[in-house]
Structures are given as structure tokens and as C-alpha cells.
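Enquirer: Please construct the entire structure, taking both the sequences and the accompanying hints into account.
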Amino acid sequence: MSGLGNITKKEIRELLTPATFIPIIVIALIFATMGTSLQGMQEQAQEPPIIGVISEDNSSYSAMASTVLHTYAKSVYNSTSTADLQIGLQTVEQHNGVAVVIIPGNFSERITEGQQGTLEVYWIMKGTGLMDSISSSILESLLSFISTNVSKELIKQNSTVNASFVLSPTQRIETTYYKNREFAGLSPNTISGMLTSQSILIPIVMMMIIVMAGSIVITSMALEKENKTLETLLTLPVKRTSIVTGKIIAAAIIGLLLAVIYMIGMQFYFRGFEMSGGVNLAAYGLTLSSTDFIWVGISLFLALIAGLSLCMLLGTFAKNYKSAQTLTFPITMLAMIPMFITMFADFDTLPLPIKILTFAIPFSHPMMASRALLFDDYILVIGGIVYVGLFALVTISIVVWVFKTDRLLTGTMKFKWLKALKRRRF
Amino acid sequence: MSAVEVKNLVKKYGSIDAVKGISFSIDEGEIFGLIGPNGAGKTTALRVMSTLLSINGGSVTILGYDLSKQAPEIRRLISYLPEDAGAYKNLSGRAYLQFIANFFDPKEVPAMVQKGIEITNLGVRIDDRVDTYSKGMMRRLLVGRALMTNPKLAILDEPTSGLDVINAQEIRKLIKSTAQTGTTVLLSSHNMLEVEYLCDRIALIAEGKIVETGKPKALMEKYKARNIEEVFIRTVHE
Chain X
1 MSGLGNITKK EIRELLTPAT FIPIIVIALI FATMGTSLQG MQEQAQEPPI
51 IGVISEDNSS YSAMASTVLH TYAKSVYNST STADLQIGLQ TVEQHNGVAV
101 VIIPGNFSER ITEGQQGTLE VYWIMKGTGL MDSISSSILE SLLSFISTNV
151 SKELIKQNST VNASFVLSPT QRIETTYYKN REFAGLSPNT ISGMLTSQSI
201 LIPIVMMMII VMAGSIVITS MALEKENKTL ETLLTLPVKR TSIVTGKIIA
251 AAIIGLLLAV IYMIGMQFYF RGFEMSGGVN LAAYGLTLSS TDFIWVGISL
301 FLALIAGLSL CMLLGTFAKN YKSAQTLTFP ITMLAMIPMF ITMFADFDTL
351 PLPIKILTFA IPFSHPMMAS RALLFDDYIL VIGGIVYVGL FALVTISIVV
401 WVFKTDRLLT GTMKFKWLKA LKRRRF
Chain W
1001 MSAVEVKNLV KKYGSIDAVK GISFSIDEGE IFGLIGPNGA GKTTALRVMS
1051 TLLSINGGSV TILGYDLSKQ APEIRRLISY LPEDAGAYKN LSGRAYLQFI
1101 ANFFDPKEVP AMVQKGIEIT NLGVRIDDRV DTYSKGMMRR LLVGRALMTN
1151 PKLAILDEPT SGLDVINAQE IRKLIKSTAQ TGTTVLLSSH NMLEVEYLCD
1201 RIALIAEGKI VETGKPKALM EKYKARNIEE VFIRTVHE
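If you read the protein sequences in the order shown, they are chains X and W. Our numbering applies: residue 1 is where the first sequence begins, and numbers increase by one. Our numbering applies: residue 1001 is where the second sequence begins, and numbers increase by one.
None of these hints come from the bench; they were simulated from the model. Here a beta-carbon is modelled for each residue, glycine too, at the ideal position from N, C-alpha and C. Treat each hint with caution, since some may be false.
As the list claims (entries may be wrong) - Cβ pair distances, simulated, as ranges:
| id | chain 1 | residue 1 | chain 2 | residue 2 | range |
| --- | --- | --- | --- | --- | --- |
| 1 | W | Lys1215 | X | Leu233 | 34 to 44 Å |
| 2 | W | Gly1021 | X | Thr332 | 40 to 50 Å |
| 3 | X | Leu257 | W | Lys1176 | 45 to 55 Å |
| 4 | W | Val1109 | X | Ala250 | 13 to 23 Å |
| 5 | X | Val260 | W | Gly1021 | 54 to 64 Å |
| 6 | X | Gly35 | W | Gln1098 | 45 to 55 Å |
Claimed, not checked - In silico BS3-like links for lysine-lysine, alpha-carbon gap of 27 Å or less:
| id | chain 1 | residue 1 | chain 2 | residue 2 |
| --- | --- | --- | --- | --- |
| 7 | X | Lys319 | W | Lys1089 |
| 8 | W | Lys1115 | X | Lys228 |
| 9 | X | Lys239 | W | Lys1069 |
| 10 | W | Lys1115 | W | Lys1135 |
| 11 | W | Lys1152 | X | Lys404 |
| 12 | X | Lys239 | W | Lys1012 |
| 13 | X | Lys322 | W | Lys1135 |
Unchecked claim - From the derived model, a few chain W residues whose C-beta atoms are all more than 10 Å from chain X:
| id | residue |
| --- | --- |
| 14 | Leu1063 |
| 15 | Gly1064 |
| 16 | Tyr1065 |
| 17 | Ala1085 |
| 18 | Ala1095 |
| 19 | Gly1136 |
| 20 | Asn1150 |
| 21 | Lys1152 |
| 22 | Glu1196 |
| 23 | Ile1233 |
| 24 | Arg1234 |
| 25 | Thr1235 |
Expert: Structure follows, in C-alpha cells:
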């Protein structure tokens, strides 16, 4: 056998371990499930927006607006009286629609008089994620298209018309309904923008904490084995539970310290985005109380403990520093999956398989907690805390059990099929 | 009273029988050597005694405690020095000894650390980081760590491994003096001279079974051998 072949065979043999392959296979399956579900979600979002139209005006400009809305959107409710607004909203909500558009009786009259025609839009907001705002963005484009069409018509009819009026012949009065709250004067996109820090900053910081603190734990276990200190430690008069929890607490403290440093930097970065909206969150009751901060803290702490106990479990598989690097991959993926999911969509609007997956990953809960608390969704937050607490407890128990067995030192794994395969090939 | 009582000890790694029903006992204050070729089951037997591995059969009693049921009690009384042990590289020698001593009675910690420093005999280097130590210095630190806690039973796997002649001699003297203070010592070694010098009694182990037990002198007479090396070769290979 050539030198190259000999080296290649040896390297493959070393790399062909369950610890290398199983995490990748699991992550691949998770991504496959996510891809299928998100594809369906995207297709659904790109369909014409479902709306209701209440038109009190029958003249030319309102007819133009109605035509645009009926052509490019799917109208499930039509009326000629604003008194029917509540029925319209209920009907649209039942059809999972996005808004009720009111064309008031004086729409055409005002435009003819050289004043902006008003379109009243009552939005039904589904979520604050990027995917959730696709339908409302399409409707916003349609409303702009109506304005453009009116401009064209005005120019066609009268070339001496006021330029600033003709460029913007319509205006919108918007009200958004979201999680049983009314946000007067705000569109869903504005609200999503206001919640940027909850949507992006917290998931990113959480992901960074998990990845950094997780790799500390896994590496610590690997170094205990590589430096041959583990055997000594296990023969000392110290409880296995103390060894496990001591390592987890130390990594959690370091992780939180790193998080604070990251948080400071990221907050400066995101401050620019928040200020640009110029909307005061407190004016709409979108602030967290001190009790809410305690809930977020508990959620974050438990998720960190759960994550680190999972890392400890993975760390028991690590034979040395090199293998520890491979084992941090599944943790990184598990932290990144909920980060992207919570950025793209609200928990409520997720397809069921992704909803289950998101709930099952302990790191999702602190990422969702602050946004959920802003809208008083205590069931999701407390349910998440209970789940993550149980997850941490079970995982720590498993780790302690592993510490009490020979497996930690002998590394015996009963993958008979893999051993048989290796024997056959080499 | 026996410090260690091993009866028909069986230890398996999956389908491999590492230890196949060995029995021996060690008296208090005795230095007992487990001698055998590589892969004979010495280290496995020592790891079992150190509460690191569970047993698949038989029974082990250490200082009156059942190994299978009372491992935490046993850990308070023993000290184990693995053959290829290491220390935390980012700590100084002194900090490492302090870290280990902190697991014991707080009142005894300063005395323990002081004893550890004396045993290691590292001088000013005790305050240097462990990752700057030579192999011999590291071994001395680990021997110091193992003996400073005044264990009732010291389990030493190749205690002089990696040491030069002078350092090895010092460690042997130290083990001998430690036993004279009442500590029972169970050790394994490849060095037959060391075994002859140190051990009150030895057990020769091959392929997971004990093939001979006795005092070195008595075994040499029995096999008409000039030294333990010859006894070892005759019992294991003939």
C-alpha cells in the first residue's frame, strides 16, 4: 500500500466514530424537517393577501382602489358600511386574513378637491417575525400601487395639478390588532421594527452564551481526560453530583460574563435601528415590568443550565481536545436553529412540527420569553420554564449516572454494527 | 484485621475478561505488590480498588467497607496514583496540592499542603505552573499529592514510573516510611528490584488470574530463584 493510501486509511479509521456521525445525522434530520415545513410556510405567505374591503364610495378613484384590491388580493368580506367593521374583522380573522381596508365615502371627493384621500387600514397582525410580515408587506405594496394609479390618473386629467399632492394623493390611517391589543397609528411592520431587540438581539446573545459556555464545558471534560486528571478527581471524597454541578456552575458564570460583554456591544449596535423608528414602546404598553425581567432571568438561567448539562453529557464522549471540537457542533446547531426560527416567525404562527421542535429545544425559551411577556403570554413563558427545568433535571441526572458508571473512563459504546463494519473494511 | 479483602473478583470490558476471579488480602500497614506482564489485569484491579470501576463478580472489602455499596466511604480513606496521571496544567504545584487538600477536613488542609510540598521536594519550583514541570517533577508532585492526605490505603500504580534512579530511590524510601506510619500500600510495578525492596508480600498476576502469592524471599526459595525476576518468569512463562 502506498504512503498516501496508508495515511488515508488510518485517518478514516480514526474519524469514523459514532461521536462524529450521530450528531451530524441528527442535525441533518432536523434541518430536513425544518426545510419542508418552512417551504410550506413561505408558499402560504406568498399567496395573495386575504382581506376585507369596506367601500362607502362608488366614484371613480374608489372604484380604482377597489379594483386593485380585488384583483391582487383575495377579498373574503365586502361591505359598503363602516358600521360592519367588526364583522369584517371577525370574518377576515376566521380566514386567517391580514386586514380590512376601508375606503371612506369622501375618498374620491377629497382627491378631486386636491386633498389626500384617506384609506383606513385595520391590520390583524399574526406575529412579529420576518415571515409573519410577508402578507402585510404585500398589502402595503398594493396600497402604494393604488396611490400610484391615482397619481397617473390625476396627471392624465390635469397636467397643472400640485406636484407634491399628485406624488402622494392618498394617506393611510392605520390600526393594528395583535394579541388582543389595539395599536392605533401603527402598521405591523412598524411594530416588528420596534421589537427588533426582542427579535434579534436576545436570540443572538443567547446563542452566543450557549455556544461559548457549552464549549467551555465540553473542552473541560476533554482536558480532564487528555491531561489524565479525571481518574484522580473521581477517587477523591467528593460527590459525583458536586463534580457535575461545579463544572456547570463555573461554565454558566463564565458564559453569563461573556454574555454581558456581548450584550453591551450589541446594544450599541441595535440602538441605531430602534431610534430610527422614533416610536416609544412604553406609550403602547410594550415594556417589561420588574416581574417580567425575573421571568426572563429564570428562563435564561434554566436554559443555560439545561444547555450546559447537555454539553456535559456530550463531554463524557470526548476523548481529547480534538474530539471536543467536533462535539460542540451539535450544540452550536441547537442554539442556531431556535435563533433563526424566532427571528423569522412567532411561536404562534409556526407550523406544528416546527412548533414542537422549537419548544423541545431548551434554548428557544429565553429567546421567546421577552417578546411573549410584552404581550402577556405567560403560559408560553411559564410552560417553557417548567419544561426547561425538567429537561435540566433529567439531563443532570443522566450525567451523574454516567459519572457513576465505568463508561466515563472506559468509553465503552455498544455500537456493534459499526465495529463489525470497521472490522470488515480494515 | 485485613485492610483489603478481595474474593473471586471478576471484571469484564464488554466481552473481554480483564480480571478472572482473583482473590487476595492485604494486612493493615503491609506493602503489597501486584506484579505481572502488560495486560495482565494489574491496572484494572487497582482501578477497581480505587472505586473507579464497578465489578462484575465476587466481592471487595476495603477497610471494612463493601466496595459495591460503600464507595463514598472508601474514597475518604484511600488515595490512588494512576500510572499515567497528570495535574491541572494552569495551576502551580502548590495550588494543585491546595486544590486536592480542600476536599478533606478543612482543619488539616495547611498541614496536608505542607506535607505535600515536603514530599515533592520541588523547592522554589512548587510555585511554578505545572505545565513547566519535567516528567520527573510531575511524578513527584503526584506522589506528594497521593501521600499528603495520610490515606489508610495508598493505591500506587507504577509509583516510580518516569523517575530517574535518584528520584525513584527517594520515592521508594518515602513509600516505606509511609507504611511504617500505618498506611497500607497496594502497588503495581514492572521493576522487580523495586518490588523486592518495597513489598512485604506480592501477588503475581497473568491473564487476569493470580498465579502465585507470597513473601518475596519465600517465593525465591520456593522457585529456587536468585531474584523475583526469575520467579516472575518461571511462574508466568513456564
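Enquirer: A separate judgement is required for each hint: does it hold in the structure or not?
Expert: Here's how the hints hold up against the structure:
no., hint, in the structure
1, W:Lys1215 - X:Leu233: 34 to 44 Å, "36 Å, holds"
2, W:Gly1021 - X:Thr332: 40 to 50 Å, "48 Å, holds"
3, X:Leu257 - W:Lys1176: 45 to 55 Å, "49 Å, holds"
4, W:Val1109 - X:Ala250: 13 to 23 Å, "21 Å, holds"
5, X:Val260 - W:Gly1021: 54 to 64 Å, "58 Å, holds"
6, X:Gly35 - W:Gln1098: 45 to 55 Å, "54 Å, holds"
7, X:Lys319 - W:Lys1089, "18 Å, holds"
8, W:Lys1115 - X:Lys228, "23 Å, holds"
9, X:Lys239 - W:Lys1069, "15 Å, holds"
10, W:Lys1115 - W:Lys1135, "21 Å, holds"
11, W:Lys1152 - X:Lys404, "23 Å, holds"
12, X:Lys239 - W:Lys1012, "25 Å, holds"
13, X:Lys322 - W:Lys1135, "23 Å, holds"
14, Leu1063, "13 Å, holds"
15, Gly1064, "16 Å, holds"
16, Tyr1065, "13 Å, holds"
17, Ala1085, "5 Å, violated"
18, Ala1095, "13 Å, holds"
19, Gly1136, "16 Å, holds"
20, Asn1150, "13 Å, holds"
21, Lys1152, "12 Å, holds"
22, Glu1196, "28 Å, holds"
23, Ile1233, "31 Å, holds"
24, Arg1234, "33 Å, holds"
25, Thr1235, "29 Å, holds"
When each numbered hint is compared with the structure, a violation occurs for hint 17 only.
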